[in-house]
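All chains should be built: construct the whole structure from the sequences, respecting the hints.
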Amino acid sequence: MNKLLSLTALSLVLSFGAAHAADAPAAGAKAAAPATAATPATPAAPAASAAAPTKQQTRMATCNAEAADKKGDERKAFMKTCLSNKPETQQNKMKACNADEKAKTLKGDERKAFMSECLKNK
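Using mature numbering (1 follows the signal peptide of the UniProt record, and there is no 0), the letters of the sequence shown map in sequence onto residues -21 to -1, 1 to 101.
Honestly, the hints are just simulated from the structure, not real lab data. Glycine is no exception: its CB is placed at the ideal position from the N, C-alpha and C atoms. Mixed in with the good hints, there may be bad ones.
Unchecked claim - Lysine-lysine pairs mimicking DSS-like chemistry, simulated, CA-CA at most 27 Å apart:
no. : residue 1 : residue 2
1   : Lys74     : Lys55
2   : Lys72     : Lys86
3   : Lys55     : Lys34
4   : Lys86     : Lys74
5   : Lys55     : Lys65
6   : Lys99     : Lys81
7   : Lys91     : Lys74
8   : Lys34     : Lys99
9   : Lys99     : Lys83
10  : Lys99     : Lys86
11  : Lys81     : Lys34
12  : Lys59     : Lys49
13  : Lys34     : Lys74
14  : Lys83     : Lys72
15  : Lys49     : Lys34
16  : Lys65     : Lys99
17  : Lys50     : Lys65
18  : Lys91     : Lys81
19  : Lys72     : Lys34
20  : Lys74     : Lys49
To be verified - Computed spacing ranges between beta-carbons, pair by pair:
no. : residue 1 : residue 2 : range
21  : Met58     : Asp88     : 41 to 47 Å
22  : Cys61     : Asn100    : 19 to 25 Å
23  : Ser63     : Lys86     : 35 to 41 Å
24  : Asp52     : Phe93     : 44 to 50 Å
This is the structure in structure tokens:
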């Protein structure tokens, strides 16, 4: 019984300490909040996302178009494989980077640097 009371008291002390520690930065943040609240940054974000679809959105549109004639479990299985993040093979990355017009004009170290950057971004 004594251990139970001791543990309960200890947990209360720790929880009050944690609550007090959580309140201290919030009080300082409240003073700074009005200055940051005056600049609305959220309206710009939806406009940017509406203008350019993400890779996932593009992939979803492509997969939906390809799966238009499929139904039920067949469609579900197709969409799962189509939407999965399959890493592009190194060979395909090399083909894509070599096909770039810029890669064809560069020589030596400049080409190496370009290819390295291109392969990282693919």
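Legend entry - Pair hint outcome, Lys74 versus Lys55 [Cα-Cα no greater than 27 Å]: 32 Å, violated
Inset, instruction - Decide if the proposed pair is consistent with the structure: Lys65 and Lys99, CA atoms, cutoff 27 Å inclusive. - result: Holds: Lys65 and Lys99 sit about 16 Å apart, inside 27 Å.
Legend entry - Agreement of Lys34 and Lys99 with the hint, judged by alpha carbon distance not exceeding 27 Å: Holds, because 17 Å separates the two Cα atoms, which is no more than 27 Å.
Legend entry - 27 Å Cα cutoff - pair Lys72, Lys34: 17 Å, holds
Inset, instruction - With a cut-off of 27 Å on the C-alpha distance, tell me whether Lys50 and Lys65 pass. - result: The given pair, whose Cα atoms are some 24 Å apart, holds under the 27 Å limit.
Inset, instruction - Decide if the proposed pair is consistent with the structure: Lys99 and Lys81, CA atoms, cutoff 27 Å inclusive. - result: 16 Å, holds
Legend entry - Phe93 and Asp52 - C-beta distance against the hinted 44 to 50 Å: At roughly 46 Å between Cβ atoms, Phe93 and Asp52 fall inside 44 to 50 Å, so the hint holds.
Legend entry - 27 Å Cα cutoff - pair Lys99, Lys83: 18 Å, holds
Legend entry - Pairwise hint evaluation, Lys81 against Lys91, where the allowed Cα distance is 27 Å at most: 12 Å, holds
Inset, instruction - For the pair we were handed, Lys59 and Lys49, check the Cα-Cα distance against 27 Å. - result: 13 Å, holds
Inset, instruction - Decide if the proposed pair is consistent with the structure: Lys34 and Lys74, CA atoms, cutoff 27 Å inclusive. - result: Roughly 20 Å separates the two Cα atoms, so the pair holds.
Legend entry - Pair hint outcome, Lys91 versus Lys74 [Cα-Cα no greater than 27 Å]: At roughly 15 Å apart (the allowed maximum being 27 Å), Lys74 and Lys91 satisfy the hint.
Going down the numbered hints, you'll see the structure goes against 1, 20, while the others check out.
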